[in-house]
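Protein chains: 2
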Amino acid sequence: MKIEAIDLFYISLPKITRTADGTQDSLVVRVRTDNGLEGWGECDASPLVSMAAYVMPMSHSNIININEALLGETIDSPEDVIRLRNKAGEYGLDIQQLDHAVAGADIAMWDVLGKHLGESVWKLIGHEASYKKLPYASVLFGDNPAETRTIAESIVNRDFRAAKFGWGPMGRGSLADDIALVQAARDGLGPDAKLMVDAGVIWGDNVEIAYERAVAFAELGVTWLEEPLRTEEVGAYKALSDNVRANGVKIGIAGGEGADYFRAADDMMTNAGLDFVQIDVGRIGGITEAKRVADRAHELGIQYVNHTFKSHLSVAASIHVFAGYEEFDLIEYPAGDSPLILGLTAPSGIFRDSDGFVQASDAHGLGVQVNPGAISEYQRMVKIEIDGEVLFESAQP
Amino acid sequence: MKIEAIDLFYISLPKITRTADGTQDSLVVRVRTDNGLEGWGECDASPLVSMAAYVMPMSHSNIININEALLGETIDSPEDVIRLRNKAGEYGLDIQQLDHAVAGADIAMWDVLGKHLGESVWKLIGHEASYKKLPYASVLFGDNPAETRTIAESIVNRDFRAAKFGWGPMGRGSLADDIALVQAARDGLGPDAKLMVDAGVIWGDNVEIAYERAVAFAELGVTWLEEPLRTEEVGAYKALSDNVRANGVKIGIAGGEGADYFRAADDMMTNAGLDFVQIDVGRIGGITEAKRVADRAHELGIQYVNHTFKSHLSVAASIHVFAGYEEFDLIEYPAGDSPLILGLTAPSGIFRDSDGFVQASDAHGLGVQVNPGAISEYQRMVKIEIDGEVLFESAQP
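Top line first, the protein sequences correspond to chains X and D.
Counted the way the numbering used here counts, the first sequence spans residues 138 to 534.
Counted the way the numbering used here counts, the second sequence spans residues 138 to 534.
There's no promise every hint is true.
Where chains are identical, the list cannot tell them apart; a pair therefore holds if satisfied intra-copy or between any two copies.
Below are the DMTMM-like pairs computed for lysine to aspartate or glutamate, each with C-alpha atoms no more than 25 Å apart in a straight line [claimed, not checked]: (1) Lys-152 to Asp-524; (2) Lys-152 to Glu-227; (3) Lys-139 to Glu-290; (4) Lys-152 to Glu-526; (5) Lys-520 to Glu-205; (6) Lys-375 to Asp-432; (7) Lys-252 to Asp-213; (8) Lys-520 to Asp-144; (9) Lys-375 to Glu-227; (10) Lys-152 to Glu-530; (11) Lys-224 to Glu-345; (12) Lys-152 to Glu-436; (13) Lys-224 to Asp-280; (14) Lys-375 to Glu-436; (15) Lys-224 to Glu-256; (16) Lys-224 to Asp-342; (17) Lys-520 to Glu-530; (18) Lys-375 to Asp-213; (19) Lys-152 to Glu-205; (20) Lys-224 to Asp-158; (21) Lys-152 to Glu-345.
Since the hints were made in silico from the structure, they are not lab data.
Using the sequences plus the hints, can you model the full thing?
Listed below in C-alpha cells is the structure:
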C-alpha cells in the first residue's frame with residue numbers, strides 16, 4: 138500500500154496551566170493509505186514546532202520536511218517502516234525537531250502496517266511474546282505533604298499497586314521538606330505499594346544534594362530516584378550512581394526521558410550508570426528507535442521503562458516497544474484526569490486486568506482506536522502562510 | 138537595559154536546490170533593547186521550525202517559547218546573557234528545536250551587550266587575546282574530478298591557502314572514484330595548500346570503508362577526514378580513530394557539526410576519539426554553549442574548529458568563540474557566491490588580511506553590521522494563525 142496522506146491534529150485543553158503536566162495538549166498524527174486504512178500516532182512535543190517539521194520549505198538537501206520523505210511511499214512490511222523512518226531522518230538530518238516530530242508518523246506507520254498485515258505491533262517489531270507489566274500511576278506531587286498524601290490515598294483507592302510522584306515542590310525547599318513530601322506519599326500509599334520519585338532535573342549537576350536525597354528516600358522504600366540531575370550531566374549521573382552503589386544505598390537511579398535520539402539514550406546507558414532508562418516513544422522518534430533502546434538496555438542489563446505522559450495512544454505505542462522483555466516489568470501509566478487525554482481513545486485503551494496488570498494487545502496494529510469526536514472537540518486550527526500562500530491548514534478529522 | 142523586541146527574519150533565495158549548500162536560506166534574529174540598541178544573530182536551522190520555537194503556545198511548564206523567556210528581561214553583563222540563555226533552555230526543556238532556534242537570540246544578545254558596554258564579544262566571553270586564524274575555503278565537490286579541479290584552481294586564484302571539499306559524489310562511487318575526486322582537489326590546489334575532506338556522513342557506521350578512505354586520503358596530504366560516519370555512531374568513530382592512530386595513518390578524524398547541545402559535543406570529544414571537533418554556533422545554542430565546547434576541547438587537547446555555512450554574521454559569531462585559543466588556528470570560511478549570504482552583512486564582514494588570515498574584531502559587539510536592505514530583498518513573509526488569531530507575522534526590518 139502507499140501513504141496517501143499525513144494529517145496533523147493539534148489538540149489542547151482550552152486553558153494550559155504552567156505545571157509539568159504533559160496531558161494538556163498533544164499532536165496526533167494520522168497516516169492514510171491508498172487501500173483505505175489509517176494508522177495513528179502521537180508526539181510528546183510542542184505541537185506547532187513539530188507541525189512545522191512536517192511542512193516547512195526545504196533549506197538544502199539535509200533540511201527537507203517529513204511529508205516530502207513519506208508521502209507516496211510504499212509500506213508493506215516492517216522493513217518498509219524502518220526504511221521510511223530512516224529516510225525521514227536523512228531528509229531531516231539537520232532539523233533538530235525531527236525526532237520529536239517524526240515520532241507520530243512512525244507510530245502511525247506501525248499501526249497501519251499492523252492493520253494491513255493483520256498483526257499486532259509487538260509481533261511486527263520482533264517480539265515473541267507480550268508479557269504483563271505492572272502499571273504505576275504517574276502523578277505530580279501535591280503543593281504540600283497533606284495534598285500529596287491525599288493524592289496517594291486516591292491512587293490506592295483506584296487499586297494501583299505502584300505510583301510515581303514528581304515535580305511540584307520537590308527540590309525547591311530543604312532536605313526535610315523533600316523528605317516530608319516523600320513520606321506523605323509513602324503514608325498515603327501504605328507500606329506495600331511501589332513508590333518512585335521524579336525530581337524533575339531539579340538538582341542540575343549537584344551530585345551531593347542528589348545523593349543526600351537518594352539516601353533519605355531509600356529509607357522510605359523508594360524504588361528509584363528519577364532525573365535528579367539534568368539529562369546532559371552524564372558525568373554527574375555517573376558520580377551519583379557510583380556513590381549509591383559503593384555505599385549500598387537501596388535505590389535505583391533512573392533517567393533518559395530527555396533522550397531525543399538513540400545515541401543520547403545509549404550515552405546515558407553506557408556512561409551515566411543508570412539502573413532504569415526511561416524512553417518516551419513520542420520524543421525519541423517513535424517505536425523504531427525506542428525498540429533499539431529496549432534491545433540495547435536488555436544487552437546491558439539496564440531496565441527499560443517507558444516515559445509516557447500523554448494519551449492511551451502513547452501508552453499503547455509504549456507497551457508494544459518492550460512487550461517481549463519479561464524483565465522489563467513496569468510501565469508508566471498516566472493517572473490524571475485530562476478530558477482531552479482520556480477522551481482521545483475512548484472507549485478503547487490499555488486497561489488493567491483483574492490483577493492490576495496491563496498488556497500489549499494482540500489486536501491488529503496498536504490495539505487502540507482514536508475517537509475523531511475528541512479531536513474535533515479539542516482541536517486548535519492552525520494556518521501557516523508564506524508569502525501569502527497557504528503552506529498548511531488544519532482540517533477536521 | 139531591557140529586551141524590548143525579538144524580530145525574526147526568514148530570508149531565502151528565490152529557488153532552493155537540493156544540494157548540501159547551507160547558504161540558500163537563513164533565519165536572522167534581531168534583539169532590540171529599550172535604550173535603542175540592537176544586536177543580531179543567525180541560526181543554522183530550518184527557519185520555519187525555529188520561528189515556531191519563538192512563538193508557539195505553551196504546552197506545559199517545560200514547553201514555553203523563547204520570546205516568553207527573554208522579552209522584558211534585563212541584560213547588562215555577560216552573566217545576564219548566560220542567565221537568559223539558560224532560562225530559555227529551562228523554559229524550553231522539552232522543545233527539541235530549542236538549541237537550533239535560541240542560537241540566533243544568544244548571538245544577538247552578545248552582540249547588543251558588546252555595543253552597550255563598548256566591548257568586543259571575545260573579551261566579554263573571557264578571552265584575553267584575539268589570535269589570527271587561517272581561513273579554509275569551504276566548498277562542495279564538483280560533480281566529477283574535472284569540475285572539482287576547476288573549483289580548486291579558482292580557490293587558489295582567490296588566494297586561499299586552505300580548502301575543504303565536501304559532499305557531492307564523495308562516497309557514492311568506488312574507492313577509486315573517491316580517490317580521483319580528492320586527487321583532483323589536490324592537483325588543483327597544488328602541493329602546499331591545506332586540504333580537508335568532508336564525507337558528509339556517507340559511510341554511516343561502516344568503519345572499514347571509512348578507514349580505507351582515511352588511508353588513501355592521507356597519502357594525498359589531507360589534514361582531516363570529516364564526518365566519515367553518522368554523528369550518532371560514536372562507537373564506530375572510536376574504532377576508526379583507534380585504527381588510524383594504531384597504524385600511524387597521518388590524517389585527523391573530524392566531526393561534531395551534528396552536536397545540537399553541549400553534551401552531544403562532549404560525548405563525541407570524550408568517546409569518539411576525535412582530533413578535531415567542529416561546532417556550529419548557530420546550531421548548538423549560540424556563543425554561550427559553543428564557548429563551553431571550546432573550553433572543554435582545550436582541556437582535552439582536541440582542536441576546536443567552527444562549522445559555518447551561513448553568512449559573515451555567523452562567521453563573526455564563530456570566530457569570537459575561539460578567538461583566544463592560539464592553538465585553534467583554522468576557521469571554516471564559506472567561499473560560495475550566494476548573493477543572499479554575501480549581501481547580508483555587506484559591506485562589513487570578516488575579511489582576510491594581506492597574509493591571508495582573519496581575526497575576531499576589536500569593534501563593539503560582533504563587529505559586523507547587518508544590511509536591512511538584504512533582508513528586505515530576500516525576506517519570506519510568514520504568517521501563523523491559530524484559531525483565526527495571528528500568532529506571528531513577519532515584518533519588514
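For each hint, the structure was consulted:
1. In the homo-oligomer, the alpha carbons of Lys-152 and Asp-524 lie at most 25 Å apart only across protomers (14 Å), although the nearest pairing inside one protomer, at 31 Å, exceeds that limit.
2. In this assembly of identical chains, Lys-152 and Glu-227 lie within 25 Å of each other by CA distance solely across copies; the values are 21 Å between and 37 Å within a copy.
3. Neither within a single protomer nor between protomers do Lys-139 and Glu-290 lie at most 25 Å apart by alpha-carbon distance, with minima of 50 Å and 48 Å respectively.
4. For a Cα distance limit of 25 Å, the shortest separation of Lys-152 from Glu-526 across copies, 16 Å, qualifies, whereas the shortest one inside one copy, 30 Å, does not.
5. For the homomeric pair Lys-520 and Glu-205, the shortest alpha-carbon distances inside one copy (19 Å) and between copies (22 Å) are both at most 25 Å.
6. Within a single copy, Lys-375 and Asp-432 get their C-alpha atoms as close as 22 Å, and across copies as close as 22 Å, so both meet the 25 Å cut-off.
7. For the homomeric pair Lys-252 and Asp-213, the shortest alpha-carbon distance inside one copy (11 Å) is at most 25 Å, but the shortest distance between copies (59 Å) is not.
8. When the C-alpha separation of Lys-520 and Asp-144 is checked against a cutoff of 25 Å, the pair qualifies both within a copy, at 14 Å, and between copies, at 20 Å.
9. When the C-alpha separation of Lys-375 and Glu-227 is checked against a cutoff of 25 Å, the pair qualifies only between copies, where the shortest distance is 22 Å, while the shortest distance within a copy is 32 Å.
10. Taking the closest pair of Cα atoms, Lys-152 and Glu-530 come within 25 Å of each other both inside a single copy (22 Å) and across two copies (23 Å).
11. In this homomeric assembly, Lys-224 and Glu-345 come within 25 Å of each other (Cα to Cα) only across copies, at 23 Å, whereas the closest approach inside a single copy is 44 Å.
12. Taking CA atoms no more than 25 Å apart as the test, Lys-152 paired with Glu-436 passes in neither setting, with 44 Å inside one copy and 48 Å between copies.
13. Taking the shortest alpha-carbon separations for Lys-224 and Asp-280, only the inter-copy value of 23 Å comes in at or below 25 Å, while the best intra-copy value is 45 Å.
14. In this assembly of identical chains, the alpha carbons of Lys-375 and Glu-436 lie at most 25 Å apart whether taken from the same copy (19 Å) or from different copies (20 Å).
15. Proximity of Lys-224 to Glu-256 under the C-alpha cut-off of 25 Å is restricted to the intra-copy arrangement: shortest distance 24 Å within a copy versus 46 Å between copies.
16. For a Cα distance limit of 25 Å, the shortest separation of Lys-224 from Asp-342 across copies, 16 Å, qualifies, whereas the shortest one inside one copy, 36 Å, does not.
17. Taking the shortest Cα distances, Lys-520 and Glu-530 sit within 25 Å of each other both inside one copy (4 Å) and across copies (12 Å).
18. In the homo-oligomer, the alpha carbons of Lys-375 and Asp-213 never lie at most 25 Å apart, since the shortest distance is 43 Å inside one protomer and 37 Å across protomers.
19. For the homomeric pair Lys-152 and Glu-205, the shortest alpha-carbon distance between copies (17 Å) is at most 25 Å, but the shortest distance inside one copy (34 Å) is not.
20. Taking identical chains as interchangeable, the C-alpha atoms of Lys-224 and Asp-158 lie at most 25 Å apart only when they sit on different chains, with a minimum of 19 Å there against 33 Å within one chain.
21. For the homomeric pair Lys-152 and Glu-345, neither the shortest alpha-carbon distance inside one copy (38 Å) nor that between copies (55 Å) is at most 25 Å.
Consistency with the previously given hints fails for numbers 3, 12, 18 and 21, ordered from lowest to highest.
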